[in-house]
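Undergrad: These protein sequence lines are chains A and B, in that order. Counting in this note's numbering, the first sequence runs from 1 upward without gaps. Counting in this note's numbering, the second sequence runs from 1 upward without gaps.
By construction, these hints were calculated from the structure, which means they are not laboratory data. Heads up, a few of these hints could be off.
[As the list claims (entries may be wrong)] Not the full set, but computed from the structure, chain A residues with beta-carbon under 8 Å of chain B:
id, residue
1, ARG131
2, HIS134
3, VAL136
4, THR138
5, ILE140
6, ASN148
7, ASP151
8, TRP152
9, ILE269
10, THR270
11, GLN306
12, ILE312
13, LEU318
14, VAL321
15, ILE326
For every residue, glycine included, the Cβ atom is placed at its ideal position computed from N, Cα and C.
Now for the letters of each chain:
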Amino acid sequence: MSIRSALVPVLAVALAIAVGAVIIALSGSSPVDAYRALIEGSLSDPKSIGRTLEKATPLVMGGLAVAFAFKAGLFNIGGQGQLVVGAIIAGAVGYGISDLPWIIHAPLALLVGALAGAAWGAIPGVLKATRGAHEVITTIMLNFVALNLTDWLASKVWREPGVIVRTPHIEPSAEIPRWGEIPTGFFLAVVAALACWYLLRGTTFGFEIQSVGLNADAARYAGISVRRIFVTTMAISGMLAGLGGAIETNGIVGRYEPGFNAGLGFEGITIALLARTHPLGVIPAAILIGAMQAGGSMMQFKADVQPEITKIIQALILVFVATPIIVRWLLNKREADELSVSSTWGS
Amino acid sequence: MADDAKHRNVLAAIVYRLRWWLVTGALLVAFTLWTGEFHQAQTTAILASTLRHSTPLVLGALCGMLGERSGVINIGIEGQMLMSAWAGFMVASATGDLLIGVLAGVAVGMLMGAVLAGISVGLRGDQIIAGTVLNIAAIGITSFFFTQGRTLPSGKLLPIRLGPLADLPVAGRVLFSNKPITYLTLLLVPVVWFGLFRTTWGLRTRAVGEHPSAAETVGISVVGMRYLNLILGGGIAGLAGAYLSLEAVGSFERGMTNGKGFVALAVMIFGRWNPIGAWGAALLFGYASAVQTQFQFRDWLTSDPQFVGMIPFVVTIVVLAGFVGRARPPASIGQPYSRE
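Work out the full structure: start from the sequences and follow the hints.
TA: Written out as structure tokens, the structure is:
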């Protein structure tokens, strides 16, 4: 990513915030107060920065899941399902096993959660490779199945005795510690992003994935097993989302509670697009969206602006990221490098 | 004699081509009769509920189809439906007139279609991103500008009984005493099919979707056709939104589309970009949803309702992977078009 192409998302964010200010003003509130409260709630002190990073952690993982699958030309809308499967399994390992030392228990919970996400993500990969079933449909359907399945597990199998449907709190030995106000899980997400970047840039496997994404027929002709790439890419993508859910359970929430992380998987699509599907770009994109989520309640409290305005700003950011003509005009560039993720819809 | 044999072969070929639909249909009929134990009332209830569940799905699928047949992916159907459900409800609530509410829903759907076209065709942005924009914007706008506690002064849309036809056993209640948007949907399926495959507009739409530069050389405006189809499709998705808030529920709730726009996308691909096929797929999905109620009625799996809730989605996956297999979309889909 050159400096110039990094300018595109930055400009897009600036434009979107400007348009958002107009909308806030039109709805009768002060945009200055609103944005001040938003920043105060998300970036002003260690505590709010910690909250922003808490929100950003699963978003990095969800964004990576979508971005990674895009590289093989696959559109994984199933991040939500993979995330909740990983989250509940990690929670079960976290509370179900006792008397393990921390050094084994915490990584074990994350690993099992990530593997559960990988298994859930591999299903659409296998269905596409063997039966030609479109991953967009199967991942959406599996989201709903996962939602029901985790609901059932939380309310029947691993339920904490009591009125609230949720799993018991995990053992202290399974917790990912905090570093002051900063959740350590965030650094795991950063490591995952670096690993994805290296895998795609520096390995043969990554080269094969990108070849399939650019042109599946040419890749097949070159001797790459497209089916194997479909299955492994979907499994890795699901693993990233599942790990995101596991980090959230064991590092932030402490247990699995149905509905607690609803919609996180879909935010992954926004973040991957904002990052222009670059694994490292996912990190700032997730911090931005995480900050909006963290500061939203402060904005409502102090400036009486509904936090949903941040959704409108997100949509505006995407518009400006997605439309090369506007940015080209702003940058006075003749050719903006265009972002395309939809070229492999049908293959 | 020879002619007769030829006719028989053609018939056999048609039956063979439709074999999976016929097998599926036969199984569903058998299952309905079995669960209903030949009780007419229950069979009727299942079939009527099937039709109700299928309505927003088939409308959403028709919206997606018009876009994709002309070469534009629309993953923003969910957002279009949500915005229209909200706009329809707000307008109907303010004016007290349901018809104006429905029209407002359709108009907002068309507006959303125009926005999608503006980003993806006019500005040549990425189509998947454009659709995602619609989805996120719809969630943001509908909750930012939604005021709790509004109601519909006139109630929701009421069923219209089609004279003596409505008194027929089973079919009367299933087909001839429905609410207005359901009738309109039953009408739209053949109309869109006819439009796509038997009119100049349809031929041009498909040409633009398969080979835009060839279409342009014979004088068809690629950009114009894509705008037209996305706006028309948006109107149909708007109807689906109005169905949800004004016909099915009678109020608006945040995020009330609950994934229906995405399921509609599945229904469209499942129906192989064909209105009749999509209708069949929507009915199958609607049937799987309707059976859930039957399970509750029969006291099956009531202690684990989550498994019943999975049925429609598992059925879709199984049928897709087992019977349908690879579906082929229009050739030029997903690529922004620019004249060289």
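Undergrad: If a hint holds in the structure, say so; if it does not, say that too.
TA: Checked hints:
The beta carbon of ARG131 (chain A) is positioned within 8 Å of a beta carbon in chain B (closest approach about 4 Å), and the interface hint is therefore held. The interface hint given for HIS134 (chain A) holds, since its Cβ lies 5 Å from the closest Cβ of chain B, which is under the 8 Å cut-off. For the restraint placing VAL136 (chain A) at the interface with chain B, the shortest Cβ-Cβ distance is roughly 7 Å, inside the 8 Å limit, so the hint holds. The interface hint given for THR138 (chain A) is met, as the beta carbon of that residue sits about 6 Å from the closest beta carbon of chain B, less than 8 Å.
Here the hint on ILE140 (chain A) is kept, as its CB sits about 5 Å from the closest CB of chain B, short of 8 Å. The beta carbon of ASN148 (chain A) comes within 4 Å of a beta carbon in chain B, closer than 8 Å, and the hint placing it at the interface holds. Restraint check, ASP151 (chain A) versus chain B: the minimum CB separation of about 5 Å is within 8 Å; hint holds. With a cut of 8 Å, the hint placing TRP152 (chain A) at the interface with chain B holds, because the nearest CB-to-CB distance is about 4 Å.
Taken as an interface hint, ILE269 (chain A) checks out: its beta carbon lies about 6 Å from the nearest beta carbon of chain B, inside 8 Å. A least Cβ separation of about 6 Å between THR270 (chain A) and chain B falls short of the 8 Å threshold, and the interface hint therefore holds. A cut of 8 Å between beta carbons decides the hint on GLN306 (chain A): the least distance to chain B is about 5 Å, and the hint holds. The interface hint given for ILE312 (chain A) holds, since its Cβ lies 4 Å from the closest Cβ of chain B, which is under the 8 Å cut-off.
Annotation: interface hint on LEU318 (chain A) holds; nearest CB of chain B at approximately 5 Å, less than 8 Å. Here the hint on VAL321 (chain A) is kept, as its CB sits about 7 Å from the closest CB of chain B, short of 8 Å. For ILE326 (chain A), the interface hint holds, since its Cβ comes within 8 Å of a Cβ in chain B; the closest pair sits about 7 Å apart.
In this structure, none of the earlier numbered hints is contradicted; all agree with it.
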